[in-house]
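S.K.: Chain by chain, the residues:
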Amino acid sequence: MTSTWGSLMSRQVDIAQRLIKGIAEAATTPMRIMEVCGTHTVAIFRAGIRSLMPQGVELISGPGCPVCVTPIAEIDQAIILSGREGVILATFGDLMRVPGTKSSLQQEKGRGCAVQVVLSPLEAVKLAEANPERAVVFHAVGFETTAPAIAAAVKEAKRRRLANFYLLSSLRLIPPPLRALLASKEVKIDGLILPGHVSVIIGSRPYRFIAEEFGIPGVITGFEPVDILEGISMLFRQKKEGRAAIEIQYRRAVKEEGNSRACALMAEVFEVCDAYWRGLGEIPDSGLRLRDGFSHMDAKDVFNLPLSDGVEPQGCRCGEVLQGRIAPTDCPMFGTRCKPEAPLGACMVSSEGSCAAYYRYGGRG
Amino acid sequence: MKGERITLAHGAGGRLTQELIRGVFIPTFANEALRRMDDSAVICAEGTRLALTTDAYVVRPLRFPGGDIGRLAICGTINDLAMVGGRPLGVSASFIIEEGFPVQELERFLSSMKEAAQEGGVEVVTGDTKVVELGSADGLYITTAGVGIVPPGVHISSVAARPGDLVIVSGPMGDHEAAVLLARGEFPLQGAIASDCAPLNSLVEAMLATGSTIRTLRDPTRGGLATSLWEIAQASRVGLIIDEAMVPIRREVKALCDLLGFDPFYMASEGRLVAFVPQADAYKVLEAMQGHPLGSGAAVIGRVVAEHPGEVLLRTAIGGHRLLEPLSGEQMPRIC
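Chains H and F supply the protein sequences, listed in that same order.
What the first sequence shows, in this note's numbering, is residues 1 to 365, in sequence order.
What the second sequence shows, in this note's numbering, is residues 366 to 701, in sequence order.
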């Protein structure tokens, strides 16, 4: 029969209440904490954590939403591909409603373009195998969480000798934009809630520069309410003790050394390249592209894709939201001209987007 | 909405669906019964109040643990009648069948329909059949319509909820959609989740038999519990406060949602109802529900307030709060 939340959660609730009390006691000085990852923004809202934080604790959303940071120019490239004769554009569902310069994949699909939503990159490979007379281009969007699976799919396409499978890579790496944000000093950050799933892959070492070079504490945190509260507590404890280190709260999933097999897979298929981030601009060594042995599958080379100007829609302030410089509710378009049903920018569309999370869970500003 | 095209998101049962209905359908047909947007329309015919409803079923896959498209079609229509207190009199079923569909398969779905109709004490009394070319209709589409009688003194509608009422659900939320998602086989996941698809009219009758006032009933289908609660809050111009810890959700359903990044509050059920009952009657009704096979998991999950009309506030398990908004578009599995 059903086990309601009640019986399982009562111990969790006790722990949560204790942690909330502890945070309230520790929050004697203001603390601005950035939750990097979109999934954390959503989890924080869902658990009602924002409503429980004491005065002086500010939770800011960061750039960890892979759909939101994909430049408009690359969305336009995906749209162009979907309209090309003989091409099927395979994409994650989250990208369907993201506005490009003139249209979106969902609108193009409605007009008859070949757009196929896939739930995993392997599905795109199977789609290619099932449609040998068409070119299947998979739009690879994601961070280090997703990249290993995409690498595996690329290898599988090679193994199956598929001549019609291609990759349009918008893959990005998490540590570089964090360095860029902290170095710019535009946003005051006292602590970071570091991504849970990305860290399963890369471990805690790639974040060391945050503590060692910038003196800012970071805690790799899980997604349950108690995880997040514990993560925040650990940041406060470091601050109280005058320390700055990278700690792991999410011990049940994250090891310091990360997942070496996944990292090896990524390195086998991809090489690091410079990449443009919506809102953050060009960041060196922050993207992934196919290595030489796989470059025949690179859609950017094979399909001669123009790179549009990628001009942000008038009034859209996604860039500042992604940097944590403004809250979604500070944007004048929020809830008025920009809503999930009719979004101006990606931050309002993506399930991991800050604006969508604020709108859905926090009210209309 | 002129100049726009219909997208899949318009069919998801959330805000976009509402926009489509309010922006395109209602202005054209423009009548009071339709404007109410209750699960069934109640129309007067010479002193008797009749409930009338229709629904189309395009579920994929056609068969899933706990039911199939046939069962879904009959239960869906019986339930829409029951949600306005209507006792089902008869159901019609129209079939759009794809060329090449095996007759044996069709017969199996018809058997399911017969079984569900028997459970609901109703018959399929008329119907229609069309066959379309190979490539259309994805196998089979079924549209059902139902007519029922609303007994005198029973006035159940989405505009009737009042401050002070308690909000009761009949059992765990989201089983149906979770079962269908798994059955689609798109995720490399397995789980022991069966659809909750069932005819709710006998449960409603048991609730009414207590002599209690029932203000509002809704079966939380497309868009899930959150969307249904929001629609009622809007229609009745009241606020709701819901206690997350009290909403029953199966562990398996929560686990599936955690994996995919879905929210169980937006997952459809097809054999559950949410009831708004004045406080004085609430526990009598709850007891009657818990005594019925389809209501054994019934629980009070919240209350109606005069504050923040049109909004649903969720008190989270750890004591925080957030808004419960209606679904916008479809839920998409998260990427990262």
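Simulated from the structure, these hints should not be mistaken for lab results.
Because the structure is a prediction, the values reported are computed rather than measured.
Think of the CB as a built atom: it goes at the ideal place given N, C-alpha and C, for glycine as much as any other residue.
Check the hints yourself; a few may be wrong.
[What the hints assert, rightly or not] No more than 16 Å apart at the CA atoms, straight line, and that leaves these computed lysine to aspartate or glutamate pairs for EDC-like:
1) 239/H x 212/H
2) 185/H x 224/H
3) 155/H x 268/H
4) 339/H x 695/F
5) 102/H x 464/F
6) 339/H x 464/F
7) 185/H x 292/H
8) 155/H x 320/H
9) 155/H x 271/H
10) 126/H x 224/H
11) 495/F x 464/F
12) 109/H x 464/F
13) 109/H x 58/H
14) 126/H x 623/F
15) 155/H x 190/H
16) 158/H x 190/H
17) 619/F x 213/H
18) 239/H x 298/H
[Unchecked claim] In silico contact screen, one side only, chain F against chain H (beta carbon under 8 Å); selected entries:
19) 381
20) 548
21) 552
22) 554
23) 555
24) 556
25) 684
26) 690
S.K.: Hint by hint, say whether it matches the structure.
M.R.: Hint check results:
At most 16 Å may separate the alpha-carbon atoms for a hinted pair to count; residue 239/H and residue 212/H meet this at roughly 14 Å. About 31 Å separates the Cα atoms of residue 185/H and residue 224/H, which puts this hinted pair outside 16 Å; it is violated. With a C-alpha separation of about 9 Å, the suggested pair residue 155/H and residue 268/H falls inside the 16 Å cut-off, and the hint holds. Distance restraint check for residue 339/H and residue 695/F: the Cα-Cα separation of roughly 14 Å lies within the 16 Å cut-off, and the hinted pair is therefore satisfied.
Distance hint between residue 102/H and residue 464/F is unfulfilled; the C-alpha atoms sit about 39 Å from each other, more than 16 Å. Between residue 339/H and residue 464/F the CA atoms are separated by roughly 42 Å; this puts the pair beyond 16 Å, and the hint is violated. As the CA atoms of residue 185/H and residue 292/H are separated by approximately 37 Å, the hinted pair breaks the 16 Å bound. Note on residue 155/H and residue 320/H: the hinted pairing is violated, with a Cα-Cα distance of about 37 Å set against a maximum of 16 Å.
Our distance criterion of 16 Å between C-alpha atoms is met by residue 155/H and residue 271/H, whose separation comes to about 14 Å. Distance hint between residue 126/H and residue 224/H is unfulfilled; the C-alpha atoms sit about 34 Å from each other, more than 16 Å. The hinted pair formed by residue 495/F and residue 464/F meets the criterion: a straight-line CA distance of about 10 Å does not exceed 16 Å. A distance of roughly 26 Å separates the Cα atoms of residue 109/H and residue 464/F; the hinted pair therefore is violated under the 16 Å criterion.
For a cut-off of 16 Å, the pair hint linking residue 109/H to residue 58/H is broken: about 41 Å separates their Cα positions. Note on residue 126/H and residue 623/F: the hinted pairing is violated, with a Cα-Cα distance of about 26 Å set against a maximum of 16 Å. For a cut-off of 16 Å, the pair hint linking residue 155/H to residue 190/H is broken: about 41 Å separates their Cα positions. Taking the CA atoms of residue 158/H and residue 190/H, the gap is about 46 Å. The hint is violated against a cut of 16 Å.
Between residue 619/F and residue 213/H the CA atoms are separated by roughly 41 Å; this puts the pair beyond 16 Å, and the hint is violated. Using a Cα cut-off of 16 Å, the hinted pair residue 239/H and residue 298/H is violated, with the two alpha carbons roughly 46 Å apart. Interface hint at residue 381/F: satisfied, since its Cβ lies 5 Å from the closest Cβ of chain H, which is below the 8 Å cut-off. Taking 8 Å as the C-beta cut-off, the interface hint given for residue 548/F is violated, the closest approach to chain H being about 15 Å.
Taking 8 Å as the C-beta cut-off, the interface hint given for residue 552/F holds, the closest approach to chain H being about 6 Å. The criterion of a C-beta within 8 Å of any C-beta in chain H is not met by residue 554/F, whose closest approach is roughly 11 Å, and the hint is violated. With 8 Å as the threshold, the beta carbon of residue 555/F stays out of range of chain H, its nearest partner Cβ sitting at about 16 Å, so the hint is violated. A distance limit of 8 Å between C-beta atoms decides the matter here; for residue 556/F the minimum to chain H is near 15 Å, and the interface restraint is violated.
This hint holds: residue 684/F has a C-beta 7 Å from the nearest C-beta of chain H, less than the 8 Å allowed. Checking residue 690/F against chain H by beta carbon gives a least distance of about 5 Å; that is within 8 Å, so the hint holds.
Hints 2, 5, 6, 7, 8, 10, 12, 13, 14, 15, 16, 17, 18, 20, 22, 23, 24 from the list above are not met by this structure, while the remaining hints are.
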